[in-house]
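Under numbering that gives the first Met the number 0, the first residue of the sequence shown carries the number 0, and numbering increases by one thereafter.
Note that these hints are calculated values from the structure, not bench results.
One or more hints might be untrue.
Straight-line C-alpha distance at most 25 Å; calculated PhoX-like pairs for lysine-lysine [as the list claims (entries may be wrong)]:
1) 79 / 61
2) 134 / 79
3) 134 / 80
4) 134 / 122
None of these values were measured; they are calculated from a predicted model.
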Amino acid sequence: MPLVLLGILLVTGAVAMFAQALLGDPVPRVSKSRRLGTAVSTEPLWRVVYRTLVNGVDSLLKSRGWAPFRASELEMADIKKPLGVVVTWVVGCACAAFMLGTVVGGSVFTGALLAAIVPVGAKLVLRIRAGRRRKKFANQLDNTLRIIASALRAGQSLQIAFNSVAADSAPPMSEEITRIINENRLGRDLVEAMTASADRMDSEDFLWFAEAVEVQRDSGGNLNDIIDTVAATIRGRTEIREKVRAYASEGKASCYVLMGLPVGLAIIYSVMNPGYLNPMFQSTIGRLLLVVSCILYTISWFWMRAIIAMDRALNGPPLRWWERWLHL
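All chains should be built: construct the whole structure from the sequences, respecting the hints.
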């Protein structure tokens, strides 16, 4: 009997302790900062190295007075990072490409070729992003002029209409209009700010709008009617431009296929038969042929680009002499 009573007491105590653990008030815990004391948190080593590299590259660029990427290029490509960060990333990618080409390709020449492609590719990416941003700006212009015309009919001023556009529109239109407003607040003439934005975005339609505002300001008249006329003209030009792009889409697709065919075949041959292209990179004649092929490849790219750029020939920046000759 004493053993039975002792067992009952132990079981009852265990059940009570378990219930207390589940249903009782939580025990206050000491915060991690108090347990760790007042030790200063150390910065990771990779972040220290990265910041040192960026500062070094930035100091080198400032001392040399040379910038591989202009601030306008980064701005048009919608890249918010500083120049030192961008150059550090490009140099790092070039070094990685050099090591990859040297190890995988088995030749320093292959690594040097891949490393040289990286900055060219970075420039190309910036141009593509800038072109897309300009194209999006041009597509937003019609709706923007409609909003401005509606605000003017409601009795608002042009500056207030610009504020409405900056608040309601999507980038890049909102960013450009906001820049125009800020420059005007700092004392720059509104028409000059609009003209600078048109030049920056390479938009002849927005330049027309700026000239229309200047004419109305100098000679008077109903700005609503002027904006409606400009908007109708822009819609007609946009329709013609889209038709030309649709007609030239087949030529652009053929251009992309022809330009991607040599690269695709080289990759396929390298995968199916490793070492098949080694003479192109290891022998003197192969390297010479490779350099000549790259030169001809680049010339053919510009040639086909000039032929299929019908929208630029009809409505865009002036054609260069060789582009005019190719269009003849």
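So, going through the hints one by one against the coordinates:
Restraint check for residue 79 and residue 61: satisfied, since their Cα atoms lie roughly 19 Å apart, inside the 25 Å limit. With a C-alpha separation of about 20 Å, the suggested pairing of residue 134 with residue 79 holds against the 25 Å cut-off. With a C-alpha separation of about 23 Å, the suggested pairing of residue 134 with residue 80 holds against the 25 Å cut-off. Note on residue 134 and residue 122: the hinted pairing holds, with a Cα-Cα distance of about 18 Å set against a maximum of 25 Å.
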